[in-house]
Amino acid sequence: MSRTTVATVHTSPLRESVRRFLHNRAAVTSGVFLLIIIIASVAAPLIAPYSYAEQVLSLGASFSSVQHPLGTDLLGRDLLTRLLYGGRISFAVGLCATFVSVVIGVCWGAIAGWAGGKTDAVMMRIVDILYAFPFTIFVIILMVFLGRSLLLLFAAIGTVEWLTMARIVRGQVRTLRHSEYVEAAVGLGLSRFTIIVRHILPNIAGPIIIYATLTVPSVMLLEAFLSFLGLGVQPPASSWGILIREGAESMEGYPWLLVYPGVLFSATLFSLNFIGDGLRDAIDPRAGKR
Amino acid sequence: MINLSTTFRLPLSTIQAVRSVSFSLDKGEALGVVGESGSGKTVLMHSLLRLPAQPPAELRGQALYNGIDLLTCSDAQIRSIRGNRIAVIFQDPSAAFNPYLRLVDQLVEPVMLHTTATRREAEEKAVQALNETGIPDAAKRIRAYPHQFSGGMLQRAMIAMALVMEPDIIIADEPTTALDVTVQAQILTIMKRLIADKQISVIFITHNLGIVGEFCNRINVMYAGRILETAPATALVASAAHPYTRALIGSVPGITDRPHRLTTIPGVPPDLSDPPAGCPFHPRCLFATDKCMRDLPELTEIAPGRFTACIRMAAGEIT
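Sequences listed follow chains L and V, in order.
Okay, so the first sequence: first residue is 51 according to my numbering, each after it adds one.
Okay, so the second sequence: first residue is 11 according to my numbering, each after it adds one.
Rather than coming from a laboratory, the hints here were simulated on the basis of the structure.
Since the model is a prediction, treat every value here as computed from it, not as a measurement.
All C-beta atoms, glycine included, are put in the ideal place defined by N, C-alpha and C.
Be aware that one or more of the hints could be misleading.
[Stated by the list, open to error] Ranges of calculated distance between the beta carbons of each label pair, as one might list FRET restraints:
no. : chain 1 : residue 1 : chain 2 : residue 2 : range
1   : V       : THR126    : L       : THR169    : 31 to 37 Å
2   : L       : LEU180    : V       : LYS37     : 35 to 41 Å
3   : L       : ARG65     : V       : THR126    : 55 to 61 Å
4   : V       : THR126    : L       : ARG224    : 32 to 38 Å
5   : V       : ARG130    : L       : VAL78     : 52 to 58 Å
6   : L       : ARG224    : V       : CYS83     : 49 to 55 Å
7   : L       : LEU271    : V       : CYS83     : 53 to 59 Å
8   : V       : GLU68     : L       : HIS228    : 14 to 20 Å
9   : L       : PHE320    : V       : ARG130    : 45 to 51 Å
10  : V       : PHE297    : L       : ARG242    : 45 to 51 Å
11  : V       : ALA86     : L       : HIS228    : 20 to 26 Å
[Said to hold, decoys possible] A few chain L residues that don't get close to chain V, going by computed Cβ distances all over 12 Å:
no. : residue
12  : VAL152
13  : GLY197
14  : ARG227
15  : ILE250
[Claimed, not checked] A short, non-exhaustive set of chain V residues, derived as facing chain L with CB atoms under 10 Å:
no. : residue
16  : ARG29
17  : PHE100
18  : PHE107
19  : ILE179
20  : ILE181
Go ahead and model the full structure; you've got the sequences and the hints to work with.
See the structure below:
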């Protein structure tokens, strides 16, 4: 028998995670679905059949037809168009606010976790205090006093959503801080900054990414909620929250005005959560090491 | 060169983990630090490089390296010494490498940090260092992740990482404890060869007298944060002076040539938040007298190059 050479395949943890993620059918399906929605939303000005503000008052609220596949709302505006444009706002809010919350949360948590002692105590008490804050009222007050700009909406949601992220990161950094390889890195003469960026953050990228994907839907929900209350995006611009509110108002006569946006929104939230779960399973190193 | 005390202040107690330990290390010398768990040997090493300790430690004394006091110099200064002039080999190689980075990424770190080498040059250096520790096919293996190596291979890589900057001093903290016995011997041989080649001084921390006896020129025996005896390795193993050292040697099989019954040391090491008065070993010592309970023995020269901290030894009462 000839000698067999055992090929040493240097699979990186990343590649291993990707492989596992691709084996998760729910997550992949969700990903594809989400991708389609996002592309359609981004390309709304190109593919939407009408303008989002174009009214055909004579039409009124009409059911699905050849001209208007998802029907029109009370003012005769094409619902499909408004859903596509609404998706732009919803996703923009979701992604931007998540980004803000990740940046603040990771920095805050990493600093608190690394510093330890009094610094840690003070920083985390601030988080606790903000947690205890009646957030909805806080955002509403902010909106009322500072006006209803979209930018402010991002900022308001982002500043609230980073709290949990900060706690997660802080906890992870604290456990890693006294791990031997971090000690070894100190022993090599690396600076604190380099150690955190090069050795600690990659090790906690998993929880950060997962929590971020789970933040996106919660932020979108928040935006919908605020828009529903009339505090978010202003008409004639649309967001999914606004469409759901308008739908809810005319639910009795024209249920499809609520059903279409509702189904789309729920499906999107489901997908994001499935993806988050899929990522968690894929990244968790304990799941691997076959 | 070194005179050091490390104290941990806790809310309820103060632990004196290292109590005015002083010793010096010559170029090319291999110094063994032997002691039971909790005798302060690892704390001693951490203190020397000011590695982070939990809870934060309070350092007193001096640790002079080329005229720089490691305990008081600036953070930037100690960072330029760590990994560059004084390197550390850790106990558990599988924990001391970052699992998310390839070996090459971690091995080039000290080189990139302490020299102006480019990434390519640093990689060459890293491969060369890895080669020297006897890892086959180093140029290719270096691209693998830590979990794809065995413990022994990783410890070789760790040695390579410590040696890549050709430091003056290597502190090895129980470098073979996590490995199985056959691999231990290989690692020790590799270390011995490389250290002799490059004229590096070593502080070798272990609880295994058998290993240091072969490996080191000189041995410090630590107990309860103090040095009880310091002597040339061969002399120490052949004829230990301090009662503690004797008991320690008596409890290890096969160090001395003549067969003997293995003995145990009764009792447990003292609580360092409240160390016993007088000689720290007196509660467990077979030779203890009333005087031992009162007076703290100093290291006394009992033969050329041999110091021991025992009152009765110094007085010639025990032989």
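Status of the hints after comparison with the structure:
1. V:THR126 to L:THR169: 31 to 37 Å: holds, 34 Å
2. L:LEU180 to V:LYS37: 35 to 41 Å: violated, 57 Å
3. L:ARG65 to V:THR126: 55 to 61 Å: violated, 33 Å
4. V:THR126 to L:ARG224: 32 to 38 Å: At 35 Å between Cβs, range holds.
5. V:ARG130 to L:VAL78: 52 to 58 Å: Since ARG130 of chain V and VAL78 of chain L have Cβ atoms about 39 Å apart, the given range 52 to 58 Å is violated.
6. L:ARG224 to V:CYS83: 49 to 55 Å: violated, 28 Å
7. L:LEU271 to V:CYS83: 53 to 59 Å: holds, 54 Å
8. V:GLU68 to L:HIS228: 14 to 20 Å: Cβ of GLU68 of chain V to Cβ of HIS228 of chain L: about 18 Å, so the range 14 to 20 Å holds.
9. L:PHE320 to V:ARG130: 45 to 51 Å: holds, 49 Å
10. V:PHE297 to L:ARG242: 45 to 51 Å: Check passed, 50 Å falls within 45 to 51 Å.
11. V:ALA86 to L:HIS228: 20 to 26 Å: holds, 23 Å
12. VAL152: VAL152 of chain L clear of chain V: closest Cβ-Cβ about 19 Å, beyond 12 Å.
13. GLY197: Nearest chain V Cβ is 45 Å from GLY197 of chain L, so the label holds.
14. ARG227: violated, 8 Å
15. ILE250: violated, 9 Å
16. ARG29: Violated. Min distance 24 Å.
17. PHE100: Constraint on PHE100 of chain V satisfied, holds at 6 Å.
18. PHE107: Cβ of PHE107 of chain V sits 6 Å from chain L, so the hint holds.
19. ILE179: Interface hint status for ILE179 of chain V: violated (12 Å vs cutoff 10 Å).
20. ILE181: This interface hint holds because 9 Å falls under the 10 Å limit.
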